[in-house]
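Assemble the complex: chain G is given as a structure, and chains E and C must be docked to it using the hints.
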Amino acid sequence: MQKRFFLSAVALGLLAAHAGTALAQEKFKIGLILPMTGPFASTGKQIEAAARLYIAQNGDAVGGKKVELIVKDDTSAPDVTKRIAQELVVNEKVNVLAGFGLTPLAMATAPLATQSKTPMVVMAAATSSITQASPYVVRTSFALPQAAVALADWAPNNGIKKVVTLVADYGPGIDAEKFFKERLTFNGGQVLDTLRVPMRNPDFAPFLQKVRDLKPDAVYVFVPSGAGAALMKQFAERGMDKAGIKLIGTGDITDDDILNSMGDVANGVVTSHHYSASHNSPLNKKFVAAFEKANAGLRPNFMAVGGYDGMRVIYEAAKVTKGGNGEALLNAMKGQVFESPRGPMFIDAQTRDVVHNIYIRKVEKVGGQLYNQEFSTIPDVKDPGKTK
Amino acid sequence: MNAQTSLLRAARWQPLELVFWVLAFASPWVLAQHALIINEIAIVALFAVSLDLVLGYTGIVSLGHAAFLGFGAYSAALFAKHIHPDPLLGLLVGMAAATLLGAVCSLSIMRGSDLTRLMVTLGTALILLELANKFSDLTGGADGLQGVIMGPLLGQFEFDLMGQTSAWYSLAVLLVLFVLARRLVHAPLGATLKAIRDNRLRAMAIGIPVTARLAVVYTVAAGIAGAAGALMAQTTGFASLDVFAMDRSADVMLMLAIGGVGWLYGGIAGAVAFKLMYDVIANITPQYWTFWMGLFLVVLVLVGRERLIRPWTWFSAARKEGQS
Amino acid sequence: MLTLLFDGVAYGMLLFILAVGLCVTMGLMNFINLAHGAFAMLGGYVTVALMQHHGVPFLVCLPLAFLASAAVGVLLERTLYRPMYQKPHLDQVLFSIGLAFMAVASADYLMGSQQQIMQLPDWLRGRTELFADTPFVLGMGHYRLFIIAVCAALTVGLQYVLSATRFGSRLRASVDDARAASGLGINVNVVFAATFAVGSGLAGLGGALGAEVLGLDPTFPLKFMVYFLIVVAVGGTTSITGPLLAALLLGIADVAGKYYIPKLGAFIVYALMIAILIWRPQGLFVRQGGKS
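Protein chains in written order, with this note's numbering: chain G, 621 to 1008; chain E, 57 to 380; chain C, 623 to 914.
Next comes chain G alone, as it looks inside the complex (with noise of 0.2 Å):
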């Protein structure tokens, strides 16, 4: 029994040694937690790569204070997220907390950044309502809504009237369907059915059956980057493409993370995005080139983008601000416009959500590579989900 309460009495004195954490004061700090692993830390590695990519190209001090980036795993469990934010702010003193790969990771740390006034800065989760869930929160990935009306514009001068719905079972996915669905409706296109694929999914085939058995005249898709591999081979392999039925989508389907490696299944397939690897920009062409040379050839993909925008919004508010917390880093957020990597943009004041142009692309080989080519600008689209 006596060694037992040895082995508890040793880890108590453990934590007790782990108790010397610097204070360092004149550091601007900022709190990175991302997904590094779990299905979806490819979301994770792609938003440090172009954090880190940002400091290295912009160095590592602003506002008169050196930076000092705490890169955290919550492994995608929001009470994970929850509590790393929770000692980050309480314990690292940070200026800013970043990330979020996904709602629910999110929305759990909104109440936290209200609470302890730290500006919250959400560079992946696409689900309208984060942005409501807290006044600390600014966005620079994307608003779900923005990419689902944009295509249920085109949709229909494009001779698509009659849709099926097949999106993954959670906020983005839902949200996807539900603006699409209304804009859709609205331009006088049907929407046949909405089918909702749970998270955890092996196997798409028998939803793609029920959308072949519905006979639409194109599918809409929404599945978290990952999962469109999986979705686009099962779809040719359903012959649906003979069958006569489209496959449209928002970009996650066509992420640039995994788009080259997808071949020939992918081509032609239209999606609407805020961001293409591909984007005609001096600034994206730069970007793009340092990524892949930081990364062992990695392509960027909207993830990264988010990230990079990100820290641009971090790095120009601390400047302003001189380092600067709370109530005033996050006012020097808001309003911020600018040239990124996908074009134009800026974050709202009053929503403090990203407002950028949306793109129509289309699935093309260039030079021997698959890329996402835009062929139809919408500019300056505001989130939908929150203009109520």
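Just so you know, the hints here were simulated from the structure itself, not pulled from any lab data.
Hints are not guaranteed to be accurate.
A few chain G residues that face chain E, going by a derived Cβ cut-off under 8 Å, partial list only [unchecked claim]:
1. 656
2. 657
3. 691
4. 693
5. 697
6. 698
7. 699
8. 702
9. 707
10. 710
11. 728
12. 731
13. 734
14. 790
15. 819
16. 970
List of simulated lysine-lysine pairs, DSSO-like, C-alpha gap at most 30 Å [unchecked claim]:
17. G:830 to E:190
18. E:190 to G:801
19. G:647 to E:331
20. G:782 to G:830
21. G:782 to G:801
22. G:713 to E:331
23. G:905 to G:939
24. E:137 to G:798
25. G:830 to C:845
26. G:685 to G:939
27. G:798 to E:190
28. G:1006 to G:801
Even glycine gets a Cβ: it sits at the ideal position worked out from N, Cα and C.
Just chains E and C now, with coordinates in the frame of chain G:
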């Protein structure tokens, strides 16, 4: 010394135990900046103790104990959100709900081999996960249940940002339920449980009502796990689907493995060791910490816990065949 | 509807190939090996790596995946698994979970965390439709046909080995009672090693075949472990036909459930499993006289 005296002696509180508890309660004050992780450790230790009742004292291998954790969490969260934000009431509600679920589920673990029970318990937890996902209007689905604002504890202590109130709250509940479990285990009931664990057939032969005992223990353990779940929901202000996931059940089994099954402090020791290890490793390598955790587990099981904490025995394998 | 049945059968056969190794290991060595999915993942990654970086044709990759996993299986069996046979089930569970964690993290480190995408050869990409435009339309993807064909052949082969060869009878003897078998002069260690190798190899083959249908990323072992365990628990560990039928049942139930009641899709599978296990705790198809 006859059997009765030795049993009674085992039931008495050792001085070291009291020291441990005093230290535990002092920690949120002494190590104030770690109050949050202390809270988390207390909650998960409570969960581990509840699993120990099932696993260590009756030998039922359960991979779905998180079912009760999650059920308690959601019950308490929904209660706080829709009916009344008082934490203690919510705690009782969570416990009651989980106990009920435990009573129902205890019917399913009576028969079959280890593997059967493993699968049935796992299946139960996963079914609850799917149900929570389906009734997303009630539970928030995959986004989680938000907006759980807790009232002040005992009408006085607010749940503050530092987490000290949470830590003391969780530690207090842990202590109370631990004492309860301890009484249970050292009572004649506990002795019959050990008999069942060691040799079920013989226990039946001497007239111990095996199925009834199993049902009772499973239900009590479910209630305690529900308390842990309620604490989790209350101190984080949040409840989400992954509280039912297999990872939770697996993690708590790991903790019991590290700390040792069959003695209640094993759950607590294991929880402390596991969480600390996780924290330290995750700080060093946020992306690949599962590797080191896995390696530690493999080594732990291969070498045996007793030998692991006595480094001088690592290389004298031939002489001493120490079993864990 | 027939198409759904077809899809379910394909999915079920794939699960069978993946899980049969686990069944036999459990029945033979009474060892709960939760790291079985890691061998499948290994086979999948080997195939993807060979196809993408070295241009090895798909059909050649399949036996290579089998061999790779079998080789690793033998290695691990002799070194790590053997001391674990006598330990209690809890220790085995923990040990194999630890191995699975290590495998997941290593795959993440070596291959990256994104989904791996395979390019199938063209002859596997088509689709045939029978009885089109009738309610009994049967749409068969060629790849799924291929899976069914391969798995059926393997099943027949396994059953033959088990029932009509010397090795098979030695295996069955060792499953029933290892001590008596070794008393009769059967080298039980060799039987164990060979069986473990074949089981892991089959898992690797299953991973290679399944990468296209199920997806392949570092969390594969943990994601699908539940399904393998269901096949083993429901099918029992004393025969080949038991797990086969269990896997088919599981595959069809899963696919049909997701089609007809999408929101409760997975729920059907778990509920079915619990019901079956409460009704028949030893599994649905247990050979008389076999060990539990």
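Cut-off 8 Å, beta-carbon criterion: hint that residue 699 of chain G touches chain E
5 Å, holds
When you check the alpha-carbon spacing of residue 830 of chain G and residue 190 of chain E, does it fall within 30 Å?
Holds, because 20 Å separates the two Cα atoms, which is no more than 30 Å.
Cut-off 8 Å, beta-carbon criterion: hint that residue 734 of chain G touches chain E:
At about 11 Å, which exceeds the 8 Å cut-off, the nearest Cβ of chain E leaves the hint on residue 734 of chain G violated.
Close enough to count: is the Cβ of residue 697 of chain G nearer than 8 Å to one in chain E?
5 Å, holds
Are residue 790 of chain G and chain E close enough, Cβ to Cβ, to be under 8 Å, as the hint says?
With a minimum Cβ separation of about 4 Å from chain E (threshold 8 Å), the hint on residue 790 of chain G holds.
Given the hinted pair residue 782 of chain G and residue 801 of chain G, is their alpha-carbon gap at most 30 Å?
11 Å, holds
Please verify that hint: residue 728 of chain G, Cβ, nearest Cβ of chain E, below 8 Å or not.
5 Å, holds
Using Cβ atoms only, decide whether residue 707 of chain G comes closer than 8 Å to chain E, and label the hint accordingly.
Result: holds, 6 Å to nearest chain E Cβ.
Given residue 698 of chain G as an interface hint, is the shortest Cβ-Cβ distance to chain E below 8 Å?
5 Å, holds
Would the pair residue 905 of chain G and residue 939 of chain G pass a check requiring their Cα atoms to be no farther apart than 30 Å?
26 Å, holds
Quick check on the hint: residue 970 of chain G CB to chain E CB, less than 8 Å?
23 Å, violated
Would you settle whether the hint for residue 731 of chain G is holds or violated, based on the nearest Cβ-Cβ distance to chain E being less than 8 Å?
Holds: closest Cβ of chain E sits about 6 Å from residue 731 of chain G, inside 8 Å.
In the structure shown, a violation is registered for the earlier hints numbered 13, 16, in ascending order.
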